[in-house]
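Each chain is listed here by its residues.
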Amino acid sequence: MERIDRRLGLLFALPVSAILAGAFLAPLLVVAIFSTMPQKVFDFLHWPDFSSYRVILEQGYWRSILWSLGLAFTATALLLVICWPLAYGMARVFGRFTLVLTVLVVMSLFVSENIRLFGWFLTLMKGGLIEGHLRAWFGQGFEGLLFNVPAILFGLVYVYLPFMLFPLAQGIAMVPDDARAAAFDLGASRWQVFTQIELPLAAPGIMVGSLLTFVLSAGAIAEAKLLGGRAVIVIADDIETAFTFAQNWPLGSALSMVLIAVVGTLVILGLRRVDLDAIMGRRR
Amino acid sequence: MMLNRRQFQLGLAGALGAAALPGAAGAQSRDNELNILCWEGYNTDSVLGPFRSAHPGATVRAESGTSDPDMINKIRAGEINIWDLINLNQPWARDQMYPEGLIKPLDKERFMPLFDKFLPEFRGPYPLAFADDGALLGLPQRYGPFCFVVNTDKISREMAEDQGWNLFLDPALAGRYGVLTYDNWNLIHFCMAAGIDPFSPLSADQKQRFTEVATRIFQNSKVRSGDLVAMNIALINGEIDAYFTGGTYTASPARYDGQTQVRGITPRSGPIDGKGGVVWIELTSTVNNPNLSPLAAEFLEFVHQPEIAKAVAFAEGTYNPVANMGDPETMALFDEEELDAIQWDTLPEEMARSVEFDSMPDYDELIQIYTAIRR
Numbered sequence: 001m002e003r004i005d006r007r008l009g010l011l012f013a014l015p016v017s018a019i020l021a022g023a024f025l026a027p028l029l030v031v032a033i034f035s036t037m038p039q040k041v042f043d044f045l046h047w048p049d050f051s052s053y054r055v056i057l058e059q060g061y062w063r064s065i066l067w068s069l070g071l072a073f074t075a076t077a078l079l080l081v082i083c084w085p086l087a088y089g090m091a092r093v094f095g096r097f098t099l100v101l102t103v104l105v106v107m108s109l110f111v112s113e114n115i116r117l118f119g120w121f122l123t124l125m126k127g128g129l130i131e132g133h134l135r136a137w138f139g140q141g142f143e144g145l146l147f148n149v150p151a152i153l154f155g156l157v158y159v160y161l162p163f164m165l166f167p168l169a170q171g172i173a174m175v176p177d178d179a180r181a182a183a184f185d186l187g188a189s190r191w192q193v194f195t196q197i198e199l200p201l202a203a204p205g206i207m208v209g210s211l212l213t214f215v216l217s218a219g220a221i222a223e224a225k226l227l228g229g230r231a232v233i234v235i236a237d238d239i240e241t242a243f244t245f246a247q248n249w250p251l252g253s254a255l256s257m258v259l260i261a262v263v264g265t266l267v268i269l270g271l272r273r274v275d276l277d278a279i280m281g282r283r284r
Numbered sequence: 001m002m003l004n005r006r007q008f009q010l011g012l013a014g015a016l017g018a019a020a021l022p023g024a025a026g027a028q029s030r031d032n033e034l035n036i037l038c039w040e041g042y043n044t045d046s047v048l049g050p051f052r053s054a055h056p057g058a059t060v061r062a063e064s065g066t067s068d069p070d071m072i073n074k075i076r077a078g079e080i081n082i083w084d085l086i087n088l089n090q091p092w093a094r095d096q097m098y099p100e101g102l103i104k105p106l107d108k109e110r111f112m113p114l115f116d117k118f119l120p121e122f123r124g125p126y127p128l129a130f131a132d133d134g135a136l137l138g139l140p141q142r143y144g145p146f147c148f149v150v151n152t153d154k155i156s157r158e159m160a161e162d163q164g165w166n167l168f169l170d171p172a173l174a175g176r177y178g179v180l181t182y183d184n185w186n187l188i189h190f191c192m193a194a195g196i197d198p199f200s201p202l203s204a205d206q207k208q209r210f211t212e213v214a215t216r217i218f219q220n221s222k223v224r225s226g227d228l229v230a231m232n233i234a235l236i237n238g239e240i241d242a243y244f245t246g247g248t249y250t251a252s253p254a255r256y257d258g259q260t261q262v263r264g265i266t267p268r269s270g271p272i273d274g275k276g277g278v279v280w281i282e283l284t285s286t287v288n289n290p291n292l293s294p295l296a297a298e299f300l301e302f303v304h305q306p307e308i309a310k311a312v313a314f315a316e317g318t319y320n321p322v323a324n325m326g327d328p329e330t331m332a333l334f335d336e337e338e339l340d341a342i343q344w345d346t347l348p349e350e351m352a353r354s355v356e357f358d359s360m361p362d363y364d365e366l367i368q369i370y371t372a373i374r375r
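Here the protein sequences come in this chain order: A and B. Sequential numbering of the first sequence, starting at 1, is according to my numbering. Sequential numbering of the second sequence, starting at 1, is according to my numbering.
Don't take every hint at face value.
Derived DSS-like pairs (lysine-lysine); straight-line CA-CA distance at most 25 Å [said to hold, decoys possible]:
| # | chain 1 | residue 1 | chain 2 | residue 2 |
| --- | --- | --- | --- | --- |
| 1 | B | Lys117 | B | Lys74 |
| 2 | A | Lys40 | B | Lys154 |
| 3 | B | Lys154 | B | Lys104 |
| 4 | B | Lys275 | B | Lys207 |
| 5 | B | Lys117 | B | Lys104 |
| 6 | B | Lys222 | A | Lys40 |
| 7 | B | Lys74 | A | Lys40 |
Think of the hints as simulated: they come from the structure by calculation, not from any bench.
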């Protein structure tokens, strides 16, 4: 009876499994197949010629990929530095104020990313909130703060801050007070406690936060378009152009596959180094 | 939990029933449903509200796209069964959607009389609304010259019109202009700036010239953005004095807001039979939906009523002239401020200096060059 029951359970799970396969794997498979099709076709009824991958190599698309990865790496590093003290405070110091801070940060997510970025556009532009005020007060302005790489980085850091902050706070909360106290008792300096106790024990939180922000930043587009004034072209921008104005679905698919492969490899390498179960609280 | 056969069968029947539901809904008659894929404007309450009131039981849905190809992608990707109307710029219907069977012709008997009330340019009737086989593919409504935009406090209209596209090659303007990155329009305008007719096949020399000019205009630009509001703001606050690619469509929101120094410019001369401007004209067509809603044709008629045509012209976002302004009853609905926002004073001469937005024979190669330069 137990065996029949298990088989029935499997059968009942089939529809959900089919939906999951259809919703997650099928679109990826479609993109993967499209990426092998000849240039500018809109169906699968052609022999694969992998020409899009050749186009990517020949036409310098690697530059956009490098820009996206470089910006994502830098934004992730900046977020780690910015969020560590904040997350530390949330996990150890702020007490009830942590809730207020959490609500404030989460509330920002309720507003569309584009609207928030446009708010910054109005703040940073020439004649905007900052330059306009300075000019009114001191009679001298400057050339605005937009349309450059730092502006894109600022946008990435601003938009993806919550995705680093919360996993990091969770990671820091996992460091047992006893371990820290024991280290101090044994004569460890503040720096030693930080590098040898806190960082390794909070590693799952650091890794999850870093992966989230890195993956999201690598695929980001609005920051470079709006705040960066397309000072650099990111890979997501090229993918969008390939699918729309170029009407070249195979090229767009191939660019997506390259991005998925690069980011996927980095994520898998990263995940192999941490125990995700630890941060989920299953094994402590 | 233990399951018995009866429970399992019940569960399976439920799952199968749920799976069959979308199919069942798809087979239903669509008398009370209308789905419109359009540029922003047709999806506003001022346009849809009165239609919904006239058809109380109907579900009318409109979604605005961000570009022509973005909308065509939806139809190509299998949404042909969903949409009833599609509203795109003029070359797509004739060159791609009709030959590919994505749209179906309109009833000439029903719609041809509408052309009689259009402006003279469209009364002919408008040739790009027809296929080579004579089928009526769509109805024109909004339109506008599309070249570039200047701040007339910094660069006079006369000077900009005289200099035309050379303005952006003038070292004096280097670092003082933006590029509104509407990719397909940029290609047309880079050709114009290079003294090339974009709608004819390009020679190797011309492609080289295109590359040089596009590189130079990109390199010397201060701002590159696909957002017309961002570009207008940069123009108004003095960050730039002009932007490459733009026209009534992009300048009108700023002008209607009182910033009348923001002005779309159509060059006096250019490389296409002496003409230096290009005009876009939207066509609204019925999608080749196997189960097309009868409300599609009704909506198409409805938007050409004077009040609704005015609402289409001044829907939210951007403000544009409409072909219906040839009808005195529609024209009477526009006030002076609105006419000034859409540059009505110079519109006929700008139209006379413009050619139709058309498909480009070398588009594929030029967009590759363009994306490479952009990087």
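Consistency of the hints with the structure:
1. B:Lys117 / B:Lys74: 33 Å, violated
2. A:Lys40 / B:Lys154: Violated. Lys40 of chain A to Lys154 of chain B sits at ~44 Å, over the 25 Å cutoff.
3. B:Lys154 / B:Lys104: Status violated; Cα separation ~48 Å.
4. B:Lys275 / B:Lys207: Holds: Lys275 of chain B and Lys207 of chain B sit about 20 Å apart, inside 25 Å.
5. B:Lys117 / B:Lys104: 24 Å, holds
6. B:Lys222 / A:Lys40: Since the Cα atoms of Lys222 of chain B and Lys40 of chain A sit roughly 33 Å apart, the hinted pair is violated (cutoff 25 Å).
7. B:Lys74 / A:Lys40: Judged against 25 Å, a Cα distance of about 16 Å means the pair holds.
Consistency with the previously given hints fails for numbers 1, 2, 3 and 6, ordered from lowest to highest.
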